[in-house]
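Participant: Construct the entire structure; sequences and hints are all you get.
Just so you know, the protein sequences line up as chains A and B, in that order.
With numbering that gives the first Met the number 0 as the guide, the letters of the first sequence map in order to residues 0 to 302.
With numbering that gives the first Met the number 0 as the guide, the letters of the second sequence map in order to residues 0 to 302.
Note that these hints are calculated values from the structure, not bench results.
Take these hints with a grain of salt, some might be off.
No distinction is drawn between identical chains; accordingly, a pair holds when it is met within one copy or between any pair of copies.
Said to hold, decoys possible - Derived DSS-like pairs: lysine-lysine, alpha-carbon spacing no greater than 30 angstroms straight-line:
{"no.": "1", "residue 1": "160", "residue 2": "263"}
{"no.": "2", "residue 1": "193", "residue 2": "160"}
{"no.": "3", "residue 1": "186", "residue 2": "270"}
{"no.": "4", "residue 1": "277", "residue 2": "89"}
{"no.": "5", "residue 1": "277", "residue 2": "255"}
{"no.": "6", "residue 1": "255", "residue 2": "280"}
{"no.": "7", "residue 1": "88", "residue 2": "277"}
{"no.": "8", "residue 1": "83", "residue 2": "277"}
{"no.": "9", "residue 1": "83", "residue 2": "267"}
{"no.": "10", "residue 1": "160", "residue 2": "277"}
{"no.": "11", "residue 1": "280", "residue 2": "83"}
{"no.": "12", "residue 1": "270", "residue 2": "83"}
{"no.": "13", "residue 1": "98", "residue 2": "255"}
{"no.": "14", "residue 1": "280", "residue 2": "160"}
{"no.": "15", "residue 1": "201", "residue 2": "14"}
Here the structure is a predicted model, which is why all the values come from computation and not from measurement.
The residues making up each chain are set out below.
Protein chains: 2
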Amino acid sequence: MEFIAGVNIGGTEIKVGKFSDGKLLSTKVLKTDISNYGSNIMNDIFMAIDELSEQDTLIGIGIGVPGPVTNGFVLGAQNIGWEKVDLTKKVTSRYPHVKVAILNDANAATFGELAYGSAKGYHSVVMLTLGTGVGGGIVMNDQLLEGASGSAGEVGHIRVKEDNPRHCTCGLFGCLEQYASATGVVKTAYELRKEKDTRLNKHNLTCKEVFDFAQAGDEISQMVVEQMTDYLASGCATIANIINPEVIILGGGVSKAGEYLRAKVASKFQKLCFYAVKDTKFILATLGNDAGIYGAMHAARML
Amino acid sequence: MEFIAGVNIGGTEIKVGKFSDGKLLSTKVLKTDISNYGSNIMNDIFMAIDELSEQDTLIGIGIGVPGPVTNGFVLGAQNIGWEKVDLTKKVTSRYPHVKVAILNDANAATFGELAYGSAKGYHSVVMLTLGTGVGGGIVMNDQLLEGASGSAGEVGHIRVKEDNPRHCTCGLFGCLEQYASATGVVKTAYELRKEKDTRLNKHNLTCKEVFDFAQAGDEISQMVVEQMTDYLASGCATIANIINPEVIILGGGVSKAGEYLRAKVASKFQKLCFYAVKDTKFILATLGNDAGIYGAMHAARML
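Facilitator: What follows is the structure in structure tokens.
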């Protein structure tokens, strides 16, 4: 049997999937060895692929990397200690007769949802991954938009707030990420709960709890969600005004708030977007943490 | 000799260019006949092409239309009275053996600057046309980004201002167009000149005068230009953060302010953009009103 390996390199773990005909057959999860500038990572991945291989024939490898990538060339991946590296060449020299696709991890996840997840059948999509930060990927006419320096889709750094802005780790202020990420939601909760009677007054508050409390009727939690969705809808309107995708996918941990979140963003978007892009649809991601390996596999499969 | 016709349909006039091997040989300018829902426009264009033709052989027609276009299909063009129309079919039935490209006018202008103007040699560009309004076009990896409903590149409706915003003709408020268009600059001048000693205190003030006065040292005019370039740079940062082009082209009448404008926007952009897109270049458009016919021709030539 012929198979393709879909790989996602994260800051703490690496996932390797074995796919045949687009179907995920088995996976292996490794710890990301960031020692020595991440120089063991690729060998660890090659070993995992060889183990998954068994009697089957490897015909393609797709790898999602946590950093900017253009044309198969990684421009750097700080979290795992990598500088610029021609990763396509590295993989090809180990597996000379195999199709190799290297892409950014958020782009891989977007590609995954497009080809095998919630956005199946669409051709132009933007995915927002709402997690610790806010990342994203763009596919237009079935083509990944990598950008001139591999940074297209960095939608977390759209400025959505001018006054009383929060400073962002990127050095800017008022970035969408500061309001629509899990971290941002908890920050807003800390601001709004002050001296008020609310279930938010607890230690180690999580973003999930804020959404749960809001749905259970806690008024201050609802205010937090309203503020978060205001900014998220505003960011989505900006994206749609510029590139006019068919659909915006909400993914990442925060998107587990599900239809409650999706419906609010979709409805607020209508009031903020340019009239010509009002048909933009909003959907929830469905592949969860597997989106990256599906997308990496898909990129290799399409070569 | 073989030639391609590049056409730009505007609200008041239509320009038809005769091109051979990418060179503009001659042009014809017609009045746009918007009577009867613009139903004479295409015949007027066909006649102009036939006249320009002489003994030469028409091998392609490219047409820029003032409205959203996807895959050669015009979704509507209010200014000239058009509803949805399959313009490719209309042109092909008149000239059956000719390559036909139909595209949005701002996209055509962007394509023109990319292939024959200031952005020659680049592959991923965004053009902003700063005129009565603010329009734009996007080309990524040499491909036009039309968007799901033909509205990609409508950068004039990015919200750049939250508080004390100006209402926009589109129904939204705080749109870039309200601050960075010629109209917007004059509006700002009227606001800032109140009861102050400035050369701006004259009737029928134009955007060009504001820029001229500013360069000649008029303090209030300089404040107007600073405000305009603040918002323009902010809009450009938002665009670059999302799609990461190699270069942003400033075009349209306002861009005649030249290097004075370009340098300000480029420098302010550096303080507002995400660090990964700091290499984005800023250049001035060079084809002026001919950008549209060049781009329409180029689109047909590439088929």
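Participant: The structure should be examined with respect to each hint, and the outcome stated for every one.
Facilitator: We went through each hint and held it up to the structure:
{"no.": "1", "hint": "160 <-> 263", "verdict": "both (19 angstroms within a copy, 23 angstroms between copies)"}
{"no.": "2", "hint": "193 <-> 160", "verdict": "both (22 angstroms within a copy, 29 angstroms between copies)"}
{"no.": "3", "hint": "186 <-> 270", "verdict": "both (26 angstroms within a copy, 25 angstroms between copies)"}
{"no.": "4", "hint": "277 <-> 89", "verdict": "between (45 angstroms within a copy, 29 angstroms between copies)"}
{"no.": "5", "hint": "277 <-> 255", "verdict": "within (25 angstroms within a copy, 34 angstroms between copies)"}
{"no.": "6", "hint": "255 <-> 280", "verdict": "within (18 angstroms within a copy, 39 angstroms between copies)"}
{"no.": "7", "hint": "88 <-> 277", "verdict": "between (43 angstroms within a copy, 28 angstroms between copies)"}
{"no.": "8", "hint": "83 <-> 277", "verdict": "between (40 angstroms within a copy, 18 angstroms between copies)"}
{"no.": "9", "hint": "83 <-> 267", "verdict": "between (41 angstroms within a copy, 29 angstroms between copies)"}
{"no.": "10", "hint": "160 <-> 277", "verdict": "both (22 angstroms within a copy, 21 angstroms between copies)"}
{"no.": "11", "hint": "280 <-> 83", "verdict": "between (37 angstroms within a copy, 22 angstroms between copies)"}
{"no.": "12", "hint": "270 <-> 83", "verdict": "between (43 angstroms within a copy, 25 angstroms between copies)"}
{"no.": "13", "hint": "98 <-> 255", "verdict": "neither (34 angstroms within a copy, 49 angstroms between copies)"}
{"no.": "14", "hint": "280 <-> 160", "verdict": "both (24 angstroms within a copy, 25 angstroms between copies)"}
{"no.": "15", "hint": "201 <-> 14", "verdict": "neither (35 angstroms within a copy, 68 angstroms between copies)"}
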